[in-house]
Structures are given as structure tokens and as C-alpha cells.
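Asker: Sequence:
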Amino acid sequence: MNDNNNSSVPLRADGTPKVRFEVMMRPAANGVIEKAVFIDGEELDWAMDASSLMEARAMGPKFFRAVQADIIRHYVESVSEVVGRKVTVEDIQNARQTGWI
Numbered sequence: 065m066n067d068n069n070n071s072s073v074p075l076r077a078d079g080t081p082k083v084r085f086e087v088m089m090r091p092a093a094n095g096v097i098e099k100a101v102f103i104d105g106e107e108l109d110w111a112m113d114a115s116s117l118m119e120a121r122a123m124g125p126k127f128f129r130a131v132q133a134d135i136i137r138h139y140v141e142s143v144s145e146v147v148g149r150k151v152t153v154e155d156i157q158n159a160r161q162t163g164w165i
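Basically my numbering = 1-based index in the sequence shown + 64.
You may find that some hints are simply not true.
The calculated lysine-lysine pairs, modelled on DSS-like cross-linking and capped at a C-alpha distance of 27 Å, are [claimed, not checked]:
hint	residue 1	residue 2
1	K150	K82
2	K82	K99
3	K99	K150
Label pairs and their in silico Cβ distance ranges [stated by the list, open to error]:
hint	residue 1	residue 2	range
4	K126	R149	13 to 23 Å
5	K126	E106	35 to 45 Å
6	G148	F127	31 to 41 Å
Simulated from the structure, these hints should not be mistaken for laboratory data. Where is the CB? At the ideal position from N, CA and C, for every residue including glycine.
Let the hints inform the model, and build the full structure from the sequences given.
Answerer: Okay, structure coming up:
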């Protein structure tokens, strides 16, 4: 972890240091600019299958909501794995605003 030796790193309620959480634009393999999540300076290796989401949308709102929920669950699990502890959707939303998770 890059920033944890810095005294300005905020601490979680249990006293452990938070890690940097950033959403930045970067060029994708196909030359398109896309959003990428970086946790403690490392890019989160996570992608969403947009075609599956669009297929679910065509099948109706019930399917679309189910696929959205599945995407969110997998994303939260991925962030939790990288951070090294269980995080919530709210933790991620706060991290997007504060820059720390």
C-alpha cells in the first residue's frame, strides 16, 4: 500500500488506515476513453459486460434489475477483495466522494 505511511491518511473507526480510492479516465484497448477505478494506485481489474445488461433491458425491467443487482454484488465483492476487508455499496459511494476507503 502506497500512502499508509503518511500521517495524513485517514483512519477507519477501528483505527486501521484507509486506502486511496480514485475513479479516473484512461484509454481502453480499443482507443476509447473509459472510467477506471484505482485502489491504492493499482487499477481494479474489473469489467462489466454491457451487452448482457442491454440484453436484460430488452427482456424487461424485472430482468434488468436482477442483472443490475448481480453486477453491483460482483463489484462490491471485487473491491472488498482488493481492499482486504468487506465493504458495502455505501462505503464505495463515500470513497468516490472522499477518495478514501
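Asker: Does each hint hold? Answer for all of them.
Answerer: Verification of the hints:
1. Proposed proximity of K150 and K82 is supported: the alpha carbons are some 13 Å apart, at most 27 Å.
2. Distance hint between K82 and K99 is fulfilled; the C-alpha atoms sit about 22 Å from each other, no more than 27 Å.
3. As the CA atoms of K99 and K150 are separated by approximately 23 Å, the hinted pair is consistent with the 27 Å bound.
4. For the pair K126 and R149, the beta carbons lie near 33 Å from each other, so the given range of 13 to 23 Å is not met.
5. About 37 Å separates the C-beta atoms of K126 and E106, a value consistent with the hinted range of 35 to 45 Å.
6. Taken as a hint, the range 31 to 41 Å holds for the pair G148 and F127, whose Cβ atoms sit roughly 34 Å apart.
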